[in-house]
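Residue numbers (the working numbering), protein chains in the order written: chain H, 111 to 322; chain A, 2 to 385.
Derived from the structure by calculation, the hints contain no laboratory data. Glycine included, every Cβ here is placed at the ideal spot set by N, Cα and C. Accuracy of the hints is not assured; some may be wrong.
Rough simulated footprint, nothing fancy, chain H against chain A, three-plus residues with beta-carbon under 8 Å [unchecked claim]: (1) 124-135; (2) 158-167; (3) 287-294.
Okay, derived cross-link-like pairs now, BS3-like style, lysine-lysine, Cα gap no bigger than 30 Å in a straight line [stated by the list, open to error]: (4) H:Lys-245 <-> H:Lys-228; (5) A:Lys-82 <-> H:Lys-216; (6) H:Lys-200 <-> A:Lys-82; (7) H:Lys-266 <-> H:Lys-320; (8) H:Lys-216 <-> H:Lys-241; (9) H:Lys-320 <-> H:Lys-200; (10) H:Lys-214 <-> H:Lys-200; (11) H:Lys-180 <-> A:Lys-82; (12) H:Lys-316 <-> H:Lys-216; (13) H:Lys-316 <-> H:Lys-228; (14) H:Lys-228 <-> H:Lys-180; (15) A:Lys-82 <-> H:Lys-241.
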Amino acid sequence: MRPRLIGALLLACFSVLGAGIAHAHPHVWVTSVSELIYAPDGSLTGVRHAWTFDDMFSSYAIQGIESKTKGAYTHEELAPLAQTNVESLKEFAYFTFARADGKKGKFQEPVDYFLEYKDGLLVLHFTLPLKTPIKTTELSLEIFDPTFFVDFQLAKTDPIRLVGAPAGCTFDYQRPKDGAAGAQAMGEDNFLAGGNANYGAMFANKITVKCP
Amino acid sequence: MRTNASAACPGLVLGRVLAAGALAVAAALTIDGMMHVAAAQSPFGGVRPPATEHTGGLIGWLLAKQSEFYREMSSTIRAAKSDGSAVWGLLAISFAYGIFHAAGPGHGKAVISSYLVANQETARRGIALSFVSALLQSLVAVALVATGAWLLNVTANTMCGAERVIAIASYALIAAFGARLVWTKGASFIRALQARTEGHELALASGPAFHDHAGHDHDHHDHGAHGHVHHAHAHADHAHNHDHAHAHVHDAHCGHSHGPLPDELAGPGGWQRGLGAIFSVGLRPCSGAIIVLVFALAQGLFWAGIAATFMMGLGTAITVATIAVLAVSARGIASRLSGARDGGGALVMRGIEFAAAGLVLLFGVGLLTGYLFAEPLTCLKPIL
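Using the sequences and the accompanying hints, generate a full structural model.
Structure, rendered in structure tokens:
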């Protein structure tokens, strides 16, 4: 066939297949503050998150919830919503991915979870206990949504705290690059190949902890 | 609405947004074919300060822009509470968001484009379908929030449930619509295949056969068979004229395959044929619009949310229409090029239509089964 014909056909196909790409636009923004909790023996036992949702999502999520005082919500009034949140997050592995010594750390279901309503924003607090505590010299923790429906950002100040960690443990964290730069870094070929599953990885927040 | 907006607000935001919006249409045109056009960045050098933006590809830029516009909606709605003129900024941002959002992933443009290609529709009809389905989408979003949040004050969870039902219905509709297209286009394709093999023996038959088929599917068999016999006689009687006759019939076929389409449009059944496309695409509201509406309601500015939703719809319609026109033009080029080739052109076109019909079905099934994660089946599933 002629090149022009092939070109025209390809153009038609691509304009149609554009929809095959991942859901590339976040609808929820989360500002994350996380604590890594250590046992006295120096092993990591779990992660405690405090996730602040953006104002539009907060308004949306709070819609229809009754409160005694107008514009203020107690933890009890928000308890059913918090329950829904942690239940829904399960399917997405709580957007929290731990890795040590080449193995993935598995989390149990969240404990001590509650929602807080502060200045028009919802803050979800929850603790993810590890199934088996990890004792290692180097550990990585990533917080991100692989589908990029939720955009996670580490808080500007003190996004990470080590709680009860052995002396000499240090941590470092890497914020995702700017959206545009990140998309470029990942390469548009991957994008076209329909790499839905890992698309959000370029927006990952990566935390690395080193212990002696 | 758009004219009012431009006239009443000469503000920075508006100008910035409209400029970016206009360029986004151009971006949508080139997005699939020219992924690596770094040059497209330069016009926006002054748009946003961070230098990192300049390194992004077209897609990265589109993503960054729509995120930015979406987030700006909340601050402009807040601002509109104290300063009414901020609403113009909100409308401009919503419009731009609509353009960018539709340029990204979404089943709407895919279904409409595939439908247009499969059904040999005109560009004008494509534009009309895009606008009507976007309008329906906005109406559904407003109706859902007005009933759910404003009248009944149900929780977000309950509204999610309603949204889920609408989404499933919409995806099922796409699948059914696709199945019907596959059925009819598959039949045409098979007939074209048969006609082609017969056409080799009796070249004259292929012309009338394809002509009939393009216009009136149901009549095809009778007419085709009739013409077939008739021409067979003619062919036998005037063996000398064979080459001449062949050329003439072939030309007629080319003219006819384009000719009848606008007339078909004007026919009484014209709009009904497009209803499937409109409903399957327009039924499912955009999650973003629903969040914006609920947020606006919570801020006591529901009307501003409604206006923003319709501006989003207008922006979406423009992008989808652009892509639809692109698809129809591509089909037209393919048709002309393949028509210039002897005999097999019609077969190629039936094949393309069949493939486009298959795509609609695939999208429906893919969305329904959740295989295409293009849009989560539930509105905000990860969290609600």
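Hint check:
no., hint, verdict
1, 124-135, "violated (count 0)"
2, 158-167, "holds (count 3)"
3, 287-294, "holds (count 5)"
4, H:Lys-245 <-> H:Lys-228, "violated, 36 Å"
5, A:Lys-82 <-> H:Lys-216, "violated, 47 Å"
6, H:Lys-200 <-> A:Lys-82, "violated, 38 Å"
7, H:Lys-266 <-> H:Lys-320, "holds, 22 Å"
8, H:Lys-216 <-> H:Lys-241, "holds, 6 Å"
9, H:Lys-320 <-> H:Lys-200, "holds, 28 Å"
10, H:Lys-214 <-> H:Lys-200, "holds, 16 Å"
11, H:Lys-180 <-> A:Lys-82, "holds, 19 Å"
12, H:Lys-316 <-> H:Lys-216, "holds, 17 Å"
13, H:Lys-316 <-> H:Lys-228, "holds, 27 Å"
14, H:Lys-228 <-> H:Lys-180, "holds, 13 Å"
15, A:Lys-82 <-> H:Lys-241, "violated, 49 Å"
The structure fails to meet hints 1, 4, 5, 6, 15 from the earlier list, while all remaining hints are met.
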